[in-house]
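Asks: So you can see what is in the structure, the chains are spelled out below.
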Amino acid sequence: MHIPDGFLNVTTIATTYAVSAGGVSYAVKEVNRRLKEKHVPLMGVLAAFIFAAQMLNFPIVGGTSGHFLGAALAAILMGPWAALLIMTCVLIAQSLLFQDGGLLALGANIFNMGIVASFSSYYLYRLVVLLTGDSRRGKLVGGFIGAWGSVFVAAIACAIELAVSGVSPLVVVLPAMAGIHALIGIGEGLITGAALSLVLAARADLWQLQQVRE
Amino acid sequence: MTWKIKWWQIGLIICLLVAVFSPLASSSPDGLEKVAESKGFIGLAYEAPFQIIADYVFPGIENEAVATMLAGVIGIIVLFGVVCGIAWLIRSRKGEPA
Numbered sequence: 013m014h015i016p017d018g019f020l021n022v023t024t025i026a027t028t029y030a031v032s033a034g035g036v037s038y039a040v041k042e043v044n045r046r047l048k049e050k051h052v053p054l055m056g057v058l059a060a061f062i063f064a065a066q067m068l069n070f071p072i073v074g075g076t077s078g079h080f081l082g083a084a085l086a087a088i089l090m091g092p093w094a095a096l097l098i099m100t101c102v103l104i105a106q107s108l109l110f111q112d113g114g115l116l117a118l119g120a121n122i123f124n125m126g127i128v129a130s131f132s133s134y135y136l137y138r139l140v141v142l143l144t145g146d147s148r149r150g151k152l153v154g155g156f157i158g159a160w161g162s163v164f165v166a167a168i169a170c171a172i173e174l175a176v177s178g179v180s181p182l183v184v185v186l187p188a189m190a191g192i193h194a195l196i197g198i199g200e201g202l203i204t205g206a207a208l209s210l211v212l213a214a215r216a217d218l219w220q221l222q223q224v225r226e
Numbered sequence: 002m003t004w005k006i007k008w009w010q011i012g013l014i015i016c017l018l019v020a021v022f023s024p025l026a027s028s029s030p031d032g033l034e035k036v037a038e039s040k041g042f043i044g045l046a047y048e049a050p051f052q053i054i055a056d057y058v059f060p061g062i063e064n065e066a067v068a069t070m071l072a073g074v075i076g077i078i079v080l081f082g083v084v085c086g087i088a089w090l091i092r093s094r095k096g097e098p099a
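These protein sequence lines are chains A and B, in that order.
According to our numbering, the first sequence is numbered sequentially starting from 13.
According to our numbering, the second sequence is numbered sequentially starting from 2.
A hint or two may mislead.
Below, computed lysine-lysine pairings styled on BS3-like, alpha-carbon distance capped at 27 Å [as the list claims (entries may be wrong)]:
1) B/Lys95 x A/Lys50
2) B/Lys5 x A/Lys50
3) A/Lys48 x B/Lys40
Note that these hints are calculated values from the structure, not bench results.
Input sequences plus hints: build the corresponding full structure.
Replies: Shown next, in the form of structure tokens:
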């Protein structure tokens with residue numbers, strides 16, 4: 013759901029840029045407090061993987077495709093602030109190098125797929141793990157639900173921005189975006205679950221950053 | 002001295018494998034594009050003012066599958082390098098000798 017240039021009005025562009033800039037600068041502070049040197053390659057690999065997996069559009073119904081977002085995977089493994097930084101780097105690279113997502117819409121894309129997707133998935137995941145217990149099953153179910161929710165909520169944020177910008181009334185664009193992304197979210201949940209179970213099987217000790225507190 | 006493969010190197014190999022499969026990706030419009038088409042506002046979108054590797058196809062290569070794979074590999078290298086660099090710069094230095 014990379015928004016191209018031309019869809020958003022000036023107010024929405026300015027607001028989302030301001031909120032995203034504030035969020036990213038706070039994320040730098042938070043990550044600086046928590047990230048240890050041994051986490052550096054994990055952040056790099058996650059960014060590379062999210063970029064690569066986002067290229068693989070999978071078909072859903074009616075001649076539409078969806079692709080992996082990755083914010084949930086990053087947020088569950090490294091916490092929402094590190095995930096926001098990872099998503100911001102991926103989105104900037106996509107916009108500057110690959111012309112995917114507009115330059116003026118970059119603030120909105122970072123807001124939707126960085127801030128909204130990372131935090132919604134992180135807290136949904138935490139909630140499920142709290143309810144089901146911190147088992148392997150709880151983690152994977154939480155990962156699926158968190159990932160599905162991140163796509164769904166990010167699509168709603170995107171629909172609101174489009175409606176506020178006046179391209180389409182909210183009653184039209186909101187159900188359309190939410191409906192199609194409720195399906196894409198299933199793919200997100202499955203890929204996130206598969207990636208998490210791989211990490212759990214191979215290197216469960218990497219699942220650390222969110223527990224790192226002073 | 003034996004060289005033991007590290008977990009993040011395995012992670013990068015997985016990324017490169019994904020890039021090899023990237024030409025198989027569905028070319029149907031994604032969720033937002035589809036909504037923009039069906040609700041009649043896709044025409045508002047305009048092209049980027051410059052194009053580098055637009056639409057994940059490396060320019061000047063006739064074979065589109067190869068051009069897509071190359072775009073994927075470039076993106077993987079750029080993101081791994083840039084994000085590791087940023088993470089290394091802003092990592093916590095607590096507990097390290099000054």
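Asks: Determine for every hint whether it applies to the structure shown.
Replies: Cross-check of the supplied hints:
| no. | hint | in the structure |
| --- | --- | --- |
| 1 | B/Lys95 x A/Lys50 | holds (13 Å) |
| 2 | B/Lys5 x A/Lys50 | holds (17 Å) |
| 3 | A/Lys48 x B/Lys40 | violated (47 Å) |
Checked against the numbered hints given earlier, the structure breaks only hint 3 and satisfies all the rest.
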